[in-house]
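So the sequences go chain by chain: A and B.
Numbering-wise (numbering that gives the first Met the number 0), the first sequence opens with residue 0 and increments by one.
Numbering-wise (numbering that gives the first Met the number 0), the second sequence opens with residue 0 and increments by one.
Wrong hints could be hidden among the right ones.
Said to hold, decoys possible - With a Cα cut of at most 25 Å, we get these calculated BS3-like pairs of lysine-lysine: (1) 180/B / 115/A; (2) 115/A / 7/A; (3) 180/B / 83/A; (4) 1/B / 120/B; (5) 45/B / 181/A; (6) 120/B / 45/B; (7) 115/A / 83/A; (8) 153/A / 7/A; (9) 83/A / 181/A.
Since the hints were derived computationally from the structure, they do not count as laboratory data.
This one's a predicted model, so the numbers in the text were calculated from it and none came from an experiment.
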Amino acid sequence: MAVDEKLKIELGKQGILVTTLQELYNWGRRNSVWPMQFGLACCAIEMIATTMARYDMARFGAEVFRPSPRQADLMIISGTVTKKMAPQVVRLYNQMAEPKYVIAMGACAISGGPFKQGYNVLKGIDRYIPVDVHIPGCPPRPEALLQAFITLQKKIDDQRLTGEQRPPHLDEKAQGEFPVPKYGEHDLEPSSNPGVWPVPITIR
Amino acid sequence: MKSVEEIQSAIQAAVPGAQVEIVPNGSPSGQHSLLLDAQHAVAVAKFLRDDGELELDYLSNATGVDWLDKEITEKVKVTRTITKTVDGVEQPVEETVEETRKHVQPGYLEAVYHLYSMAKKHGPVVLRMRTGNRTDQVELPSLTPIWRSAELQEREIFDLFGIIFTGHPDLRRILMWDGFKDHPMRRDYVEPDDFEYEPTAHDEVLARAQAHRAAQQGSAGAGAQTTAGAER
Chain A
0 MAVDEKLKIE LGKQGILVTT LQELYNWGRR NSVWPMQFGL ACCAIEMIAT
50 TMARYDMARF GAEVFRPSPR QADLMIISGT VTKKMAPQVV RLYNQMAEPK
100 YVIAMGACAI SGGPFKQGYN VLKGIDRYIP VDVHIPGCPP RPEALLQAFI
150 TLQKKIDDQR LTGEQRPPHL DEKAQGEFPV PKYGEHDLEP SSNPGVWPVP
200 ITIR
Chain B
0 MKSVEEIQSA IQAAVPGAQV EIVPNGSPSG QHSLLLDAQH AVAVAKFLRD
50 DGELELDYLS NATGVDWLDK EITEKVKVTR TITKTVDGVE QPVEETVEET
100 RKHVQPGYLE AVYHLYSMAK KHGPVVLRMR TGNRTDQVEL PSLTPIWRSA
150 ELQEREIFDL FGIIFTGHPD LRRILMWDGF KDHPMRRDYV EPDDFEYEPT
200 AHDEVLARAQ AHRAAQQGSA GAGAQTTAGA ER
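Based on the sequences and whatever the hints tell you, model everything.
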């Protein structure tokens, strides 16, 4: 930063606010992340609990769950993503306006969880869309979701507006839409988006 | 409540021509079930629901079972006549030989219904129906016209086992999508190979992982360096 932290505090004591556009911009964004109002399975119950009075997600500026993807900034994948549901989830993600973030909540959303070896559950939503924060747990406690939310806020705070590390919405070349998988005869086609999720190589 | 045998004879008295078999259950619960023939199943179901004494008005559960082709090996004692020299004279002698015979019992799909009576507070009565085989004769009569609660569960059986219920008002897949071709709960179902195998796979998963790697190596060519010994 151009302004020294100590100097900034000193100036603040004298009633002078010094900031940068980037700081101001990120401060505004991180304190008004509106999640999309949708739940997929039991993790959604914990997500609802997080928004209620005891855990009170409104403290972090995320009290408004928007029922439309056009008005939402954050997608909380709360629960099992079945293969039948996966195209709709990707489509909703595509419909969200930039900047947009994804929290994969719970064992199922990050990897398929207990249904990993089954036939009808997607083995992690990160196969199709980029995920910012993964939370393990079955289901994760509301504190874990808050922790993930704070992690996301820190991530937003650290974003630079220019340069190589700039977020996708400031990068014209970044991929905006992700291919929606199609229902195949035996599985979703493709079974993962190659640009998003490389098939892991086991090293032995 | 009537015993299974009493229900069987009541059905046979009420629905002429109905073939009802008792499928015994050897467990301590002893919930024997009634095996209905597909032709008379709807009439039998209607009788069970409407009969004043049984009044089975509630279908709590409908499910499917997949029975694979079974090879049965049995030892049979066969008596045959052979010629044998006894006391210097050749004469036919009967001899008993034990033979091992193998035959294949064809597999079938089975729909199982659990019935209770809300009015009489008794149950369950277990009904079964079996298809002709597992491939082309997979039709069974739907019991949805008798018990409305069978509708979604029969759709699920259709989806996962592939039993076609004739007379069902809305027979579509319910869990998988419409273009899906397989029936995942059948025992010979092979799921798509899209699994990320962890380094410490074991048992069934290990076998699948090895098959997966072999297939990948086959597609990658002979240049792959992993040896079969390194799989463990």
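A quick look at each hint next to the structure:
| no. | hint | verdict |
| --- | --- | --- |
| 1 | 180/B / 115/A | holds, 21 Å |
| 2 | 115/A / 7/A | violated, 51 Å |
| 3 | 180/B / 83/A | holds, 14 Å |
| 4 | 1/B / 120/B | holds, 13 Å |
| 5 | 45/B / 181/A | violated, 43 Å |
| 6 | 120/B / 45/B | holds, 19 Å |
| 7 | 115/A / 83/A | holds, 15 Å |
| 8 | 153/A / 7/A | holds, 20 Å |
| 9 | 83/A / 181/A | holds, 10 Å |
In the structure shown, a violation is registered for the earlier hints numbered 2, 5, in ascending order.
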